[in-house]
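> Dock chain F against chain H, hints included.
Quick mapping for you: the protein sequence lines, in order, are chains H and F. Straight run, no breaks: the first sequence in the working numbering ends on number 135. Straight run, no breaks: the second sequence in the working numbering ends on number 384.
Don't read these hints as lab results, they were simulated from the structure. This list has only true hints and no planted wrong ones.
In silico SDA-like cross-links for lysine to any residue, where the CA-CA straight-line distance does not exceed 25 Å:
no.	chain 1	residue 1	chain 2	residue 2
1	F	Lys-383	F	Val-272
2	H	Lys-64	F	Ser-245
3	H	Lys-16	F	Ser-245
4	H	Lys-113	F	Arg-249
5	H	Lys-35	H	Leu-24
6	H	Lys-36	F	Gly-248
7	F	Lys-250	H	Leu-61
8	F	Lys-250	F	Gly-372
9	F	Lys-250	H	Asn-72
10	F	Lys-319	F	Gly-355
11	F	Lys-155	H	Gly-115
12	H	Lys-121	H	Asp-110
13	H	Lys-121	F	Lys-250
14	F	Lys-301	H	Pro-114
15	H	Lys-5	F	Met-244
16	H	Lys-5	F	Glu-123
17	F	Lys-250	H	Arg-33
18	F	Lys-383	F	Thr-357
19	H	Lys-5	F	Met-132
20	H	Lys-121	F	Arg-249
A partial selection of chain H residues facing chain F, derived with a Cβ cut-off under 7 Å:
no.	residue
21	Val-73
22	Val-99
23	Pro-114
Reference listing, derived: stretches of chain H covered by chain F, where coverage requires no fewer than 3 residues with Cβ under 8 Å from a Cβ of chain F:
no.	segment
24	8 to 16
25	58 to 70
26	100 to 113
All C-beta atoms, glycine included, are put in the ideal place defined by N, C-alpha and C.
These are the residues of each chain, in order.
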Amino acid sequence: MGFEKFGRFGYVSQTKINPLLSYLEKGQIAATRCKKCGRSYFPPRADCLDCRHSAIEWVVLDGKSNLISFTNVFFAPPAFQPETPYLLGLAELTNGLRVFAPISPAVDKDQLKPGLELSLKVAKGSGDNVYYTLE
Amino acid sequence: MGRIGIIGVGHTKFGKRSDASLRELAFEAYSSALDDADMDSSKIDGSVVCSATHYDKQRSPAGVVAEYLGLNPQPTFNVEAACASSAVGLRTAWALVSSKLHDVMAVVGVQKMTELSSEEIQELMGRAGDVMWESPFGTTMPAYYAMYATAHMAKYGTTEEQMALVTVKNRKYGSKNPNAMFQKPITAEEVLKSRPVSAPLKLFDCCANADGAACLIIANAEKAKKLTDRPVWVAGLGLASSPMSLAGRKGPLTSFDVTKNAAKAAYQMAGVAPSDIDVAEIHDSFSITEILNYEDLGFAKPGSGTRLLERGETELGGKIPVNIDGGLISKGHPVGATGASQLFALTKQLRGEAGSTQVDGAQIGLAQNIGGIGMYSAVTILKA
Numbered sequence: 001m002g003f004e005k006f007g008r009f010g011y012v013s014q015t016k017i018n019p020l021l022s023y024l025e026k027g028q029i030a031a032t033r034c035k036k037c038g039r040s041y042f043p044p045r046a047d048c049l050d051c052r053h054s055a056i057e058w059v060v061l062d063g064k065s066n067l068i069s070f071t072n073v074f075f076a077p078p079a080f081q082p083e084t085p086y087l088l089g090l091a092e093l094t095n096g097l098r099v100f101a102p103i104s105p106a107v108d109k110d111q112l113k114p115g116l117e118l119s120l121k122v123a124k125g126s127g128d129n130v131y132y133t134l135e
Numbered sequence: 001m002g003r004i005g006i007i008g009v010g011h012t013k014f015g016k017r018s019d020a021s022l023r024e025l026a027f028e029a030y031s032s033a034l035d036d037a038d039m040d041s042s043k044i045d046g047s048v049v050c051s052a053t054h055y056d057k058q059r060s061p062a063g064v065v066a067e068y069l070g071l072n073p074q075p076t077f078n079v080e081a082a083c084a085s086s087a088v089g090l091r092t093a094w095a096l097v098s099s100k101l102h103d104v105m106a107v108v109g110v111q112k113m114t115e116l117s118s119e120e121i122q123e124l125m126g127r128a129g130d131v132m133w134e135s136p137f138g139t140t141m142p143a144y145y146a147m148y149a150t151a152h153m154a155k156y157g158t159t160e161e162q163m164a165l166v167t168v169k170n171r172k173y174g175s176k177n178p179n180a181m182f183q184k185p186i187t188a189e190e191v192l193k194s195r196p197v198s199a200p201l202k203l204f205d206c207c208a209n210a211d212g213a214a215c216l217i218i219a220n221a222e223k224a225k226k227l228t229d230r231p232v233w234v235a236g237l238g239l240a241s242s243p244m245s246l247a248g249r250k251g252p253l254t255s256f257d258v259t260k261n262a263a264k265a266a267y268q269m270a271g272v273a274p275s276d277i278d279v280a281e282i283h284d285s286f287s288i289t290e291i292l293n294y295e296d297l298g299f300a301k302p303g304s305g306t307r308l309l310e311r312g313e314t315e316l317g318g319k320i321p322v323n324i325d326g327g328l329i330s331k332g333h334p335v336g337a338t339g340a341s342q343l344f345a346l347t348k349q350l351r352g353e354a355g356s357t358q359v360d361g362a363q364i365g366l367a368q369n370i371g372g373i374g375m376y377s378a379v380t381i382l383k384a
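Only chain H is shown next, with the shape it has when bound in the complex (with noise of 0.2 Å):
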């Protein structure tokens, strides 16, 4: 198995940044950064776009993220249109990189507007698929 376990239906099998894996199984979200320059990355980054230096390392992130936007998604491709309607967010993380991830349906939907304090969580997918939401 490979990089299609990310997400509740993934596409892409084959990437440099499987390590990803790892670290939601035990539960944790990781950012890459550049061990030359420090830059940090997050949906993670195999290849620095500053110095185009290639080694990097995991950093566990904290999680707290403020709400972007959001949409109510109602008509969705065929993977997905069982369980509409569904949420899905764009969130600014505390090291002011961004996440676009599902909103847990745990969360009030009423209660969603940009600013809204979120925490990214592991979650889990059918079979063996791992991801991230905000709740």
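Coordinates of chain F only, in the frame set by chain H:
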């Protein structure tokens, strides 16, 4: 650098064209562009075929399109930039003609979407975003634009009622366009009561998949003047890119930097300002997109795009008529053909041939075409 002129334009009926294949749609648009230019194929020394090829049953469609148009052995190739394919196709052909590698080229935008099953379309739609980090959560094209709408509503107080005004305006003008997929006006109430697609966007906030083609024939200044007495000149070409992932973008999601950057380049090249534009065709894939585009193109200040609508300033007779051919919301959105369709409408306006929707004395027109979820945006300025 010599000027490049549009010397002929053609357009098919857009919509569910179960009567025609991709190559036949391309032929309809190409043939009517030749008629419009009053010329035959012999002077066309190359073709640029523009489509979002993942929708096409035919792999590498430039091959069959050039064959069916009778444009062998001249060079041909595909240009793909999702919904902005044919705006980028014009940019490509402009560079080829400017470089003197070519003299007269056909830019053919074409898309055949309705023969795909809704399963196939939905599957393709599911991969419209960043396939590694965002598609695995069930993203859709409307979902991305809906998130811009949510942010704009929260920051500026924009309402669903105001967004509905875009659809009402564009469908009103679509009723006057015989090439449009939807030729019936619609009320704000019908828009507001339509079923939710991705909140706050509802069915009638969204454009529809369609089949269709549009064609532009362009030439260098010398040939253009020889071949026609009514060339329309390409005055400004702006194209920019943005991160494809939403997480990679900056700011509060209330505007598209990609459009601001493309607009700046186009205004600078054409030597004009937003207030100089007489008529505009702007990307209304969703109602909210038109409102954001007003602001990103400099027609309105940030947050005040809705006021243009409420005051009727983007209606025929207003300060800056926008999408008075009906826009994507009325015409349908055959992805690869949309950019050329916008430029078809502007060319007709600048020649004074737009009939009942003619903007009096239109001299400068602007077309703006977003690709995909906003990773590309093209702004093209034409002058009579």
